[in-house]
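Listed in order, the protein sequences are those of chains H and L.
Heads up, the final residue of the first sequence is numbered 317 in UniProt numbering, and it's a clean run with no missing numbers.
Heads up, the final residue of the second sequence is numbered 451 in UniProt numbering, and it's a clean run with no missing numbers.
Source of the hints: derived by calculation from the structure; they are not laboratory data.
Cβ atoms here follow ideal geometry from the backbone N, Cα and C, with glycine treated the same way.
Warning: the hint list may mix true and false statements.
No more than 27 Å apart at the CA atoms, straight line, and that leaves these computed lysine-lysine pairs for DSS-like [to be verified]:
no.: 1; chain 1: L; residue 1: K270; chain 2: H; residue 2: K304
no.: 2; chain 1: H; residue 1: K184; chain 2: H; residue 2: K238
no.: 3; chain 1: L; residue 1: K385; chain 2: H; residue 2: K304
From the derived model, a few chain H residues whose C-beta atoms are all more than 12 Å from chain L [claimed, not checked]:
no.: 4; residue: R156
no.: 5; residue: A258
no.: 6; residue: T283
no.: 7; residue: R303
Estimated spans, in silico, between C-beta atoms of each pair [as the list claims (entries may be wrong)]:
no.: 8; chain 1: L; residue 1: R178; chain 2: H; residue 2: S62; range: 42 to 48 Å
no.: 9; chain 1: H; residue 1: K184; chain 2: L; residue 2: R155; range: 29 to 35 Å
no.: 10; chain 1: L; residue 1: D160; chain 2: H; residue 2: P302; range: 33 to 39 Å
no.: 11; chain 1: H; residue 1: V205; chain 2: L; residue 2: S257; range: 48 to 54 Å
no.: 12; chain 1: H; residue 1: L139; chain 2: L; residue 2: R156; range: 18 to 24 Å
no.: 13; chain 1: L; residue 1: E103; chain 2: H; residue 2: A91; range: 39 to 45 Å
no.: 14; chain 1: H; residue 1: V205; chain 2: L; residue 2: G305; range: 55 to 61 Å
no.: 15; chain 1: L; residue 1: P179; chain 2: H; residue 2: V205; range: 37 to 43 Å
no.: 16; chain 1: L; residue 1: V150; chain 2: H; residue 2: R135; range: 28 to 34 Å
no.: 17; chain 1: L; residue 1: G427; chain 2: H; residue 2: A91; range: 32 to 38 Å
no.: 18; chain 1: H; residue 1: A91; chain 2: L; residue 2: A99; range: 54 to 60 Å
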Amino acid sequence: MSTATGRSGATGRSGAADGSERAGGRVVELPATPGLAGLYGRGVVGSARAAVARRRSVRPGSLPGTRLRVSGVRPDPTHLSDYQHLLHEGASDVLPAGFVHVLAFPVATALMVRPDFPLPLLGMVHVANRVEQRRGLRLGEALDVEVHVRDLAAHRAGVTVDVVAEVSVDGERAWEGVSTYLVKGVRLDGAERPDGARDSFEVPVPTGQWRLGADAGRRYAAVSGDRNPIHTTTLAAKAFGFPRTIAHGMYTAARAIAAVGPARGEAYRWDVEFAKPVLLPSTVAVRVAPDDDGFGYAVWNPRKGTPHLTGSVTPLR
Amino acid sequence: MAAPRTSPTPAPAPATTGTGAGAGTTRRAVVVGGNRIPFARAGGPYAHSSNQDMLTAALEGLVARFGLAGERIGEVAAGAVLKHSRDFNLTRESVLGSALSPETPAYDVQMACATGMETVLGLSNKIRLGQIDSAVAGGVDSTSDAPIAVSEPLRRVLLDLSRAKTPQQRLKAVSRLRPAHLAPSAPTTGEPRTGLSMGEHQALTTAAWGITREAQDELAVASHHRLAAAYERGFFDDLMTPYRRLTRDANLRADTSVEKLAGLKPVFGKSLDAPATMTAGNSTPLSDGASTVLLASDEWAAERGLPVLATIVDAEPGAVDFVHGRDGLLMAGAHAVPRLLARNGLTLQDFDLYEIHEAFAGTVLCNLAAWEDEDFCRERLGLDKALGSVDRSRLNVTGSSLAAGHPFAATGGRIVATLAKLLAEKGPGSRGLISVCAAGGQAITMIMEAA
């Protein structure tokens, strides 16, 4: 399987100008979706630089206002099929919200490896994700992807940042994703750390289970392009304090909304909070069931009763 | 053993019940008889028999019993749940391998464990409509001779390889192969959308309805004792043809007892909060076997001097949303039966006999509990009150799948032929209800009457 690099590419506006002004920051137009392999290399360099600098704190307001933009992204049908099959999604030409996240992810990564981004890429922990899918995006539509970062916030274990990706067609916003990442051990200057109390988790009645093989990380890496080594090699996972590789959070969250099925409609809000990562291989218990506004879901360790993720899918009327 | 009556009622005879089932405008479809081979446990005497072998054996026994050699039957329908892709015309191939006229058409059906019921339902409707005058319904399954597939990555490499035109393309395809891809993938009883096995699903439902271990074991013991008693009185003599030296269902344990079953360790539901109650003793074993049922119009049977045992009065399929936990996987019958009753102006107590497929003892008990539950019947079934209870002395009176075994697609044919003969024994006016649950949250329910 090829990497994301060669797949869902952009039509590419060659020689795009670097620096049109926009409310909130400079827009940098990339000619095409960047390759993630190279970005990780730069991420390693940047993270090493951050380590050498022993940066233990960041200033509020130190996030760059830059917006990265790739225009005219046209997803590849084979890429979509591979994604749908792996995530147990339906087979329609409507792009699953998690697939759009995959399309935007390289652009977000490109923003975070730029020298003006104050936090190290490696070791970032995905703690929450919110997506608003305002209308169904269809295969064949040209997608304009624009990414920026915002909201540095103190967290009990460090500092969090929101990476915002917006996908528009013909100037109309169709999808917006906000990924919250935690950088452990870094303080936000002048901010108190919130208390460590987490929401308690009551183990629900399962509706299913997932048997996630040792290769679950590598298989999602192949369709998402997210080859962060903590998902693909045990050695790297150990370097970051995990006994084994861990599943991608977005893989588990995307499988949960796949389990909701067609009842979610084409326009929906999709929220997830990640708790403990899923170590691979493992079998996790799952509940996906209707609740007041839509569907709620939870994934947990059936032996310990500890949550891996919880979230909801709320159809937008 | 009551001899089946050979004088059919004059045709066209409207069904005595069934206002919504087209009664009066269509003719009756009757069960002439049935034939199956004894059911074996997986890896037993049929371990080297294919689905086609077993289906043909059951069909040949039916042909011999009713003198159908050379006969052009209107249509034959059967199926298998675990089916090799090469068996796309399994039933037609079995017909060609039988003494039936080679001009007998046939088609395959697949509806998980309700496959056999669906063949009876579809064919009986064709008879009622006058499209065909005779039919053979059936089903077969082998868990011993199950299809094994290559892994998904290997399959894709092989397909791409077959499409490759240049050496470079071939090399590129082959280069994707990894040693792990060579591991074969065998079929499982897991539900594709939930990842839970059928047993784990039933364990959730069993816990939700609070069914006890004792109640399940008692039902299992009754199944064995009743099946053994039926064999003793020769009930199966004209419903079965020995095969591969097997003369009785291999799973039958005539001497089992509640005490013996109480010693078995639970196998499903072990990670739930509720105590685990499901054992190998109160769950059906993986089985091999085949069954057939001869259906006809009254005229067709009369012309050949064949008996008519029972009428297929009406049937109702059902399905539930088990994926999101709204209902248990095997609870579709609880929803389908009240619809069937309403259409036919009957109550749950208007039956002399009940056949509820024992996928697990818990399945039967959960369905019964649902019909007895006021809240469930009001809120989920939209009824005024509970459907009420089933007289247990009328339920699965000659045993069911816990004792006989459950070769998935063969179970419907076993039940329909058994109930038809039981109704014929009871005499005119007697009425029976069938409910067979199936994977995918489905079920088929059916009303039969003595012909």
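**Item:** Non-conforming hints, listed in increasing numerical order
**Value:** 3, 5, 6, 7, 9, 11, 16, 17, 18
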